[in-house]
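Chemist: Each chain, written out:
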Amino acid sequence: MSDHKTMTINLVVWRQKNANDPGKFENYTVKGITEHHSFLEMLDVLNEDLIKTGKLPVSFDHDCREGICGMCSQVVNGAPHGGQERTTVCQLHMRNFHDGDTIYIEPWRATAFPIVSDLVVDRTALDTIIQAGGYVSCHTGGIADGNAILIPKPAADEAMDAAECIGCGACVAGCPNSAAMLFTGAKVSQLALLPQGKAEAKARVKNMVEAMKECGFGNCTNHYECQASCPKGINVKFIARMNREYIKAQF
Amino acid sequence: MFSTSIGRKIVMAVTGCCMLLFAIVHLLGNSSIFAGAVGLNSYAQHLHSLPLPIIMAFRAVMLGLFLVHVLYGIQLTIENRTATPTSYAVKVSRKTTFASENMIWTGLLLGAFIVYHLLHFTFRVTPGLTLVNDAAGHFNVFAMVASSFSSFAGAGLYAAAMVVLFLHLYHGIQSFFQTMGWNCDCIQPKITTAGMLVALVLLLGYVSIPLSIFFGILKG
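Protein chains in written order, with my numbering: chain S, 1 to 251; chain H, 1 to 220.
Be aware that a few hints might be false.
[Unchecked claim] Covered stretches of chain H, going by a simulated chain S footprint (3 or more residues, C-beta under 8 Å):
no., stretch
1, 19-32
2, 67-74
3, 136-145
4, 164-175
5, 209-215
[Unchecked claim] Now the in silico label distances, taken between C-beta atoms and shown as ranges:
no., chain 1, residue 1, chain 2, residue 2, range
6, S, Asp127, H, Leu71, 30 to 36 Å
7, S, Ile151, H, Leu204, 45 to 51 Å
8, S, Thr128, H, Lys95, 24 to 30 Å
9, S, Pro22, H, Met56, 38 to 44 Å
10, S, Asp127, H, Ser87, 45 to 51 Å
11, H, Phe215, S, Pro22, 41 to 47 Å
12, H, Arg124, S, Glu85, 37 to 43 Å
13, H, Arg81, S, Tyr135, 28 to 34 Å
14, H, Ile74, S, Tyr135, 57 to 63 Å
15, S, Glu85, H, Asn102, 40 to 46 Å
16, H, Asn102, S, Arg65, 36 to 42 Å
[Claimed, not checked] Going by beta-carbon spacing under 7 Å, a handful of chain H positions derived as facing chain S:
no., residue
17, Arg59
18, Ile78
19, Glu79
20, Asn80
21, Thr84
22, Pro85
23, Lys190
24, Thr193
What the hints contain is simulated information worked out from the structure, not anything from laboratory work.
Quick caveat, the model's predicted, so the values are computed rather than measured.
In this text, a Cβ means the ideal position worked out from N, Cα and C, and glycines have one as well.
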């Protein structure tokens, strides 16, 4: 254990009061960081320091801090969630950094995600896409008997892979075009793979694709940067599946 | 369908694919130059002896494909720039390639090259061309091509344009399969490699013509 060894980290943090404020970078130095601090805990230390000196703490989104809620949303040194494979920023640990490192922290940058404050962005647009068709409308009644609807194991597995999406928006943040194709593709695919979702598959894909555009997301140009940015490792094959579903929906 | 993101992507993919098929056929036809002056001239004569309506219809379709591809490409790029208002101070790219990032620029360069290429060899209005007839009284295409590629600038321009074509196709070919949905995680790397190879074959094939004339390998 190297608990006694602490790091001093230089931070360059995006500060923006509200959506209309132009915003700018501020430099901070945070001391006493151990390798066991998570990235958000390091920001907690910074905020305690800021509060003690009477300054406004840095706003950032967080909730579960165990990598499953999809709230935390920071571009760390140019990579959404810090760029460690399958890791949300709350699960990124300071052991990945060195004493004296300079770390840039920026919010998700996309027209569809207006900045609320500092590192907090408004991701309502993702909800709008889901509301356009990311559900199954049916009478649910009582709990169905197990295996009443047979689902092939590969289809169930693939649907589950798509359902891993936590809706954090890293795919949009990483995409050079700010496209929401991986997010939308994952939801379209998850439901299209399962018998319960097939009935509404055509209307769903059309409506969700339309909603993507209305929300102001960009167009996919197949960079696949989204997959590299996704903390759940959602594969771009789900974008291909959505494209397929979209073509099918035309006939 | 053609107002949405995916709809327009599909239009880009299909028009791009048609133009790729043309580029392949065009290279196959042009490779008749390696059979010497007779080869290229008889190929050109065969093409021009096709019924005029067929030639004009073909040209109209190609022009249509070209315009749709270019205009949608420009429109989508403008939309994508609008969707990303502020760029990151620091940005790492893990999957994005030089080719994928610069599709609009390689595309516009190719568009300009195609216009030049048509003015050069189809309308023959650029200066310095040798415009003569061969012994049989037909237009000597080989002499025209040879006169253009004998200069460093002439051969170099075409070679450079083909490098741009390679970059455009390197991203474009695999992108076509993804956009059409004919893709999954298992074949995606293979499609990318195959697309790169096709683009490479086109690059080497096309570049071989100006270079072999410039270096005097091909004399007719």
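Chemist: Each hint should be assessed against the structure and marked as holding or not.
Modeler: Right, here's what the structure says about each hint:
no. : hint                            : verdict
1   : 19-32                           : violated (count 0)
2   : 67-74                           : violated (count 0)
3   : 136-145                         : violated (count 0)
4   : 164-175                         : holds (count 3)
5   : 209-215                         : violated (count 0)
6   : S:Asp127 / H:Leu71: 30 to 36 Å  : holds (33 Å)
7   : S:Ile151 / H:Leu204: 45 to 51 Å : holds (49 Å)
8   : S:Thr128 / H:Lys95: 24 to 30 Å  : holds (27 Å)
9   : S:Pro22 / H:Met56: 38 to 44 Å   : violated (56 Å)
10  : S:Asp127 / H:Ser87: 45 to 51 Å  : violated (26 Å)
11  : H:Phe215 / S:Pro22: 41 to 47 Å  : violated (57 Å)
12  : H:Arg124 / S:Glu85: 37 to 43 Å  : violated (57 Å)
13  : H:Arg81 / S:Tyr135: 28 to 34 Å  : holds (33 Å)
14  : H:Ile74 / S:Tyr135: 57 to 63 Å  : violated (36 Å)
15  : S:Glu85 / H:Asn102: 40 to 46 Å  : violated (27 Å)
16  : H:Asn102 / S:Arg65: 36 to 42 Å  : holds (40 Å)
17  : Arg59                           : violated (29 Å)
18  : Ile78                           : violated (10 Å)
19  : Glu79                           : holds (6 Å)
20  : Asn80                           : holds (4 Å)
21  : Thr84                           : holds (4 Å)
22  : Pro85                           : holds (5 Å)
23  : Lys190                          : violated (13 Å)
24  : Thr193                          : violated (15 Å)
When each numbered hint is compared with the structure, violations occur for hints 1, 2, 3, 5, 9, 10, 11, 12, 14, 15, 17, 18, 23 and 24.
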